[in-house]
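*Asks:* Given next are the chains, with one letter for each unit.
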Amino acid sequence: MKKGKFLFKFWLVGLATALVIFGITSCGEKKEEAKVEEAKVIEKTTLVFGRGGDSVGLDPAYETDGNSFMVCDNIYEALVFYADESTALEPGLAESWDISPDGKTYTFHLRKGVKFHDGTPFNADAVVFSIGRMMKERNVKFVGKGWEIPAQERPPEYWVSMEMDKTVGSIEAVDENTVVFKLKRVEAPFMANMGMDFADIISPTAFMKNPKEFLRNPVGTGPFKFVKWVTADRIILEKNENYWDKSGGPYLDKVVFRSIPENSVRFLELKTGNIHICQFPNPADIELAKKDSNLILPTQPGMNIGYLSFNHTKEPWKSNLNLRKAIAHAIDRKAIVDNIYQGMGQTAKNPIPPTMWGYNQNVPGFKYDPELAKKFLSDAGYPDGKGLGEITLWSMPVPRPYNPDGRKIGEAMSADLAKVGIKAKIVTFEWGTYLKRQREQPEDMDLFQLGWTGDNGDPDNFLAVLFDGLASSSIRTQWHNEKYHELMVNGRQTVDQAKRTKIYEEALQLIYDECPVISIAHSTVIWPSLKNVTNFKLHPTGSVRLKNVSLK
Amino acid sequence: MLAYISRRILILIPTLLGVSIIVFVMLHITPGDPAELLLGERATEEALFELREHLGLNEPLYVQYGMFLKRLMKGDLGVTIWTRQKVWTEIKHRFPATIELTLAALCIACFFGIIFGIISATKQYSVFDYVSMIGALAGVSMPIFWLGLIFMLIFSLNLGWLPISGRLSVDIDLEVITNFYILDAVLTRNWAALKDAVWHIIMPAVTLSTIPMAIVARMTRSAMLEVLRQDYIKTAKAKGLSNFTVTFKHALRNALIPVVTTVGLQFGVALGGAILTETIFAWPGVGKWMYDAVMQRDYMVIQGGTLIIAAVFVVINLCVDVLYAVINPRISVQ
Chain C
1 MKKGKFLFKF
11 WLVGLATALV
21 IFGITSCGEK
31 KEEAKVEEAK
41 VIEKTTLVFG
51 RGGDSVGLDP
61 AYETDGNSFM
71 VCDNIYEALV
81 FYADESTALE
91 PGLAESWDIS
101 PDGKTYTFHL
111 RKGVKFHDGT
121 PFNADAVVFS
131 IGRMMKERNV
141 KFVGKGWEIP
151 AQERPPEYWV
161 SMEMDKTVGS
171 IEAVDENTVV
181 FKLKRVEAPF
191 MANMGMDFAD
201 IISPTAFMKN
211 PKEFLRNPVG
221 TGPFKFVKWV
231 TADRIILEKN
241 ENYWDKSGGP
251 YLDKVVFRSI
261 PENSVRFLEL
271 KTGNIHICQF
281 PNPADIELAK
291 KDSNLILPTQ
301 PGMNIGYLSF
311 NHTKEPWKSN
321 LNLRKAIAHA
331 IDRKAIVDNI
341 YQGMGQTAKN
351 PIPPTMWGYN
361 QNVPGFKYDP
371 ELAKKFLSDA
381 GYPDGKGLGE
391 ITLWSMPVPR
401 PYNPDGRKIG
411 EAMSADLAKV
421 GIKAKIVTFE
431 WGTYLKRQRE
441 QPEDMDLFQL
451 GWTGDNGDPD
461 NFLAVLFDGL
471 ASSSIRTQWH
481 NEKYHELMVN
491 GRQTVDQAKR
501 TKIYEEALQL
511 IYDECPVISI
521 AHSTVIWPSL
531 KNVTNFKLHP
541 TGSVRLKNVS
551 LK
Chain D
553 MLAYISRRIL
563 ILIPTLLGVS
573 IIVFVMLHIT
583 PGDPAELLLG
593 ERATEEALFE
603 LREHLGLNEP
613 LYVQYGMFLK
623 RLMKGDLGVT
633 IWTRQKVWTE
643 IKHRFPATIE
653 LTLAALCIAC
663 FFGIIFGIIS
673 ATKQYSVFDY
683 VSMIGALAGV
693 SMPIFWLGLI
703 FMLIFSLNLG
713 WLPISGRLSV
723 DIDLEVITNF
733 YILDAVLTRN
743 WAALKDAVWH
753 IIMPAVTLST
763 IPMAIVARMT
773 RSAMLEVLRQ
783 DYIKTAKAKG
793 LSNFTVTFKH
803 ALRNALIPVV
813 TTVGLQFGVA
823 LGGAILTETI
833 FAWPGVGKWM
843 YDAVMQRDYM
853 VIQGGTLIIA
863 AVFVVINLCV
873 DVLYAVINPR
883 ISVQ
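Sequence order for the protein chains is C and D.
Residue numbering for the first sequence follows the working numbering, beginning at 1 and increasing consecutively.
Residue numbering for the second sequence follows the working numbering, beginning at 553 and increasing consecutively.
Simulated from the structure, these hints should not be mistaken for laboratory data.
From a predicted model like this one, the values you see are computed outputs, not experimental measurements.
Glycine included, C-beta positions come from ideal geometry on N, C-alpha and C.
There may be inaccurate statements among the hints.
Which chain C residues stay away from chain D? Per the calculated CB distances, all over 12 Å, these [what the hints assert, rightly or not]:
| hint | residue |
| --- | --- |
| 1 | Glu90 |
| 2 | Ile99 |
| 3 | Trp147 |
| 4 | Ala206 |
| 5 | Leu295 |
| 6 | Asp369 |
| 7 | Ala415 |
| 8 | Ala418 |
| 9 | Glu482 |
| 10 | Lys483 |
| 11 | Ser550 |
List of simulated lysine to any residue pairs, SDA-like, C-alpha gap at most 20 Å [to be verified]:
| hint | chain 1 | residue 1 | chain 2 | residue 2 |
| --- | --- | --- | --- | --- |
| 12 | C | Lys375 | C | Gly421 |
| 13 | C | Lys209 | C | Gly144 |
| 14 | C | Lys436 | D | Gln848 |
| 15 | C | Lys436 | D | Ala599 |
Required output: the full structure, derived from the provided sequences and hints.
*Replies:* What follows is the structure, given as structure tokens:
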């Protein structure tokens with residue numbers, strides 16, 4: 001009895017504590033109700049975008065990751081825009097542009113009356129400043145008094161990887177609204193590059209106020225203004241009421257980018273209606289989303305390629321075409337797409353995506369045919385794989401947009417190869433080591449998986465940077481083919497797109513004939529959204545543009 | 553006492569130095585390179601070299617460590633490789649989130665763990681005893697990841713009682729002072745935010761508390777059982793004291809020593825468990841941050857982060873030692 005009494009007392013203490021906590025919170029509840037009502041009047045529409053991670057920084061010149069660019073896409077704008085669902089170029093902050101007959105001078109005529117979010121007028125000097133700060137040797141000329149551009153904190157990665165220092169000779173402001181880029185060489189993809197994120201125009205005054213902190217206090221001309229960044233949690237943007245283009249959006253009053261690292265949790269948040277768009281759900285959740293009448297499934301074939309390539313610095317891969325073809329015919333790529341991409345992809349026949357100009361429809365692609373593979377194998381001098389020994393198949397350790405699970409794909413490939421008599425051992429390393437060792441083309445590497453996500457929609461950005469081994473020893477597939485190299489150089493130096501299309505079609509035919517690489521798949525991007533999200537279009541580059549989006 | 557505490561704090565210096573050396577060596581013998589990971593597929597030799605040069609990674613190891621120490625002397629933990637922010641700024645934003653979550657979890661663990669432990673001990677071999685000890689076993693063995701998702705399905709998706717993830721709802725504004733949201737909400741008298749923050753912390757804290765709660769319950773039970781058999785308890789009972797006084801004043805106080813030790817140790821376990829809990833509940837703390845930093849080889853973050861965590865750990869151990877003396881005056885601090 002006494003024991004019972006003591007227990008009772010103890011629970012009483014617990015209950016009292018609980019009541020106090022409840023009291024405190026519920027007394028807040030009433031006030032909150034009032035606040036919420038108030039808030040509803042002021043805040044008309046807020047879109048919450050659920051994504052896998054936080055942005056790294058918001059200075060477009062220095063970022064390298066999609067989570068940073070998707071926020072930049074809404075704050076900043078470049079001289080040229082990509083079209084809604086393709087990388088066709090449209091006028092942006094530049095109304096028009098002229099290219100000199102020799103293809104080395106580009107004159108941009110800028111849009112008038114545009115202002116940055118901080119009130120700074122957008123003009124030729126802002127362009128010279130924004131792009132000029134990425135140059136190693138700052139060969140720039142302002143028309144006004146300009147600015148002393150501070151030294152770079154670190155190399156601007158995209159500017160470097162697009163080889164812009166080798167392309168751009170000088171940037172000059174001719175008058176308030178005209179900028180001239182003088183190039184060192186003819187570079188056909190130059191205009192496409194100017195639509196990329198790194199070429200976004202920033203407010204020079206905002207940058208000069210505190211260059212080191214600009215990446216956390218971004219100011220551009222875009223449809224949304226930066227409000228607040230809660231580290232690892234959310235980034236909040238609000239509508240730019242003074243946006244220059246009055247013909248369309250922005251319609252949303254507020255945009256919140258929330259980081260929710262776990263895919264299934266992010267999808268749960270979508271199902272309960274707490275977020276409007278769910279980036280990168282688990283493939284299994286796509287099936288659930290299809291059945292849910294509250295959700296829609298915006299879909300876009302990604303501008304990417306996952307491929308399997310050969311170590312062209314060693315025999316027998318370097319000169320045995322029949323052996324390469326045997327491997328190409330032995331691998332069942334459709335099964336890989338069905339089972340490992342889980343339908344979120346399409347088998348590739350060219351190493352560039354079908355939505356890109358220059359895609360060669362006439363290339364037949366390699367059929368899955370073990371018998372044919374066996375024939376090629378014996379023509380290659382290795383009947384039933386005899387004499388080849390055990391080969392190594394490097395498989396990627398991390399999921400990438402173009403390859404959801406490198407190890408599983410490796411296992412599938414190895415099983416396929418075993419069917420024709422080739423023994424392949426799966427090799428993998430930590431991702432950084434994988435990338436590093438792969439570039440060194442070591443003796444112990446026979447086949448390797450890798451891939452690419454396109455930057456600017458130009459075929460050069462796939463075909464030259466990935467496979468033209470004669471251009472540089474950094475090219476991941478060290479395939480040395482004079483004819484291909486010549487095509488790539490010509491492609492770059494021809495400005496006329498119709499002519500370039502022909503060149504790249506020919507290059508793709510050559511890749512099919514010579515089989516230096518086996519194209520596996522292009523992944524498809526599906527981001528389920530709430531039904532009331534209107535006009536949200538996925539872009540092939542992966543950028544997220546919310547200007548024309550509204551909530552019904 | 554004061555001399556003891558200051559001596560213990562002085563010991564922090566060699567401890568942290570040792571930690572920094574171990575972490576530094578381990579980081580540099582693990583394969584991987586932040587520059588390579590930062591540039592990914594598009595890396596070229598020149599770009600890599602230039603980036604390493606900017607990050608100071610081309611210097612010999614002892615020079616790199618020397619530079620790290622030199623900065624540390626000035627109280628500067630350096631700049632992170634990925635976000636290009638001061639490590640200290642990032643810690644200021646994230647550490648309070650983790651501490652808030654861990655403290656909440658430990659409070660829940662202690663409150664329920666000790667109650668269950670006491671009841672189980674005073675009612676040994678009763679149904680309650682069996683049920684709570686089986687519950688404790690289940691608590692230790694349950695994977696946090698699975699438990700978190702199950703909680704979400706039940707309490708958020710089906711019942712709609714609690715928010716799924718995050719620290720604060722999207723429509724709630726909170727002026728941040730200390731980054732401990734509950735504290736900030738009280739300081740700014742923002743009751744709506746207080747309720748929202750408390751609502752958000754319940755599920756992750758309960759998830760994180762399961763393992764420590766189970767361990768505390770079992771520890772309390774066995775310590776109590778031992779104490780309850782002592783002669784002085786019989787004396788107290790014989791004096792006619794109430795059961796409540798005997799259990800709490802005489803027994804519990806003596807039984808608490810091993811429990812306090814356990815709780816101190818569990819703090820470390822909970823900090824480790826926070827990596828998973830933070831990932832599931834999108835809780836912007838240090839756990840997920842450190843994990844990502846290891847994957848990305850962000851040396852600056854790993855070095856700075858481990859130093860801070862080590863320091864906190866040492867301080868908590870000190871608190872535990874001081875608590876001994878408070879709970880049991882027979883143990884004097886020397």
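*Asks:* For each hint, tell me whether it holds in the structure or not.
*Replies:* Hint-by-hint comparison with the structure:
Non-interface call for Glu90(C) relative to chain D: holds, since the shortest CB-CB distance, roughly 26 Å, exceeds 12 Å. For Ile99(C), the condition that its CB be more than 12 Å from all CB atoms of chain D holds, with the nearest at approximately 27 Å. Distance check on Trp147(C): its Cβ is at least 21 Å (rounded) from any Cβ of chain D, clearing the 12 Å threshold; non-interface status holds. The claim that Ala206(C) lies off the interface holds: its Cβ sits roughly 17 Å from the closest Cβ of chain D, which is beyond the 12 Å cut-off.
Even its closest Cβ contact with chain D, about 14 Å, leaves Leu295(C) beyond 12 Å, as expected for a residue assigned away from the interface. Every C-beta of chain D lies more than 12 Å from that of Asp369(C), the closest at about 31 Å, which supports listing it as non-interface. Distance check on Ala415(C): its Cβ is at least 26 Å (rounded) from any Cβ of chain D, clearing the 12 Å threshold; non-interface status holds. Residue placement check: Ala418(C) keeps its beta carbon more than 12 Å from all beta carbons of chain D (closest about 29 Å).
Every beta carbon of chain D lies more than 12 Å from that of Glu482(C), the smallest distance being close to 22 Å; the non-interface claim holds. Non-interface call for Lys483(C) relative to chain D: holds, since the shortest CB-CB distance, roughly 24 Å, exceeds 12 Å. For Ser550(C), the non-interface assignment is confirmed: its Cβ lies about 18 Å from the closest Cβ of chain D, beyond the 12 Å cut-off. Distance hint between Lys375(C) and Gly421(C) is fulfilled; the C-alpha atoms sit about 12 Å from each other, no more than 20 Å.
With a CA separation close to 18 Å, the supplied pair Lys209(C) and Gly144(C) stays within the 20 Å bound. Proximity of Lys436(C) to Gln848(D) is assessed by CA-CA distance (about 14 Å); at most 20 Å being required, the pair is judged to hold. Under the criterion of a C-alpha separation no larger than 20 Å, the hint pairing Lys436(C) with Ala599(D) is consistent with the structure, at around 13 Å.
Consistency with the previously given hints is maintained throughout, with no hint failing.
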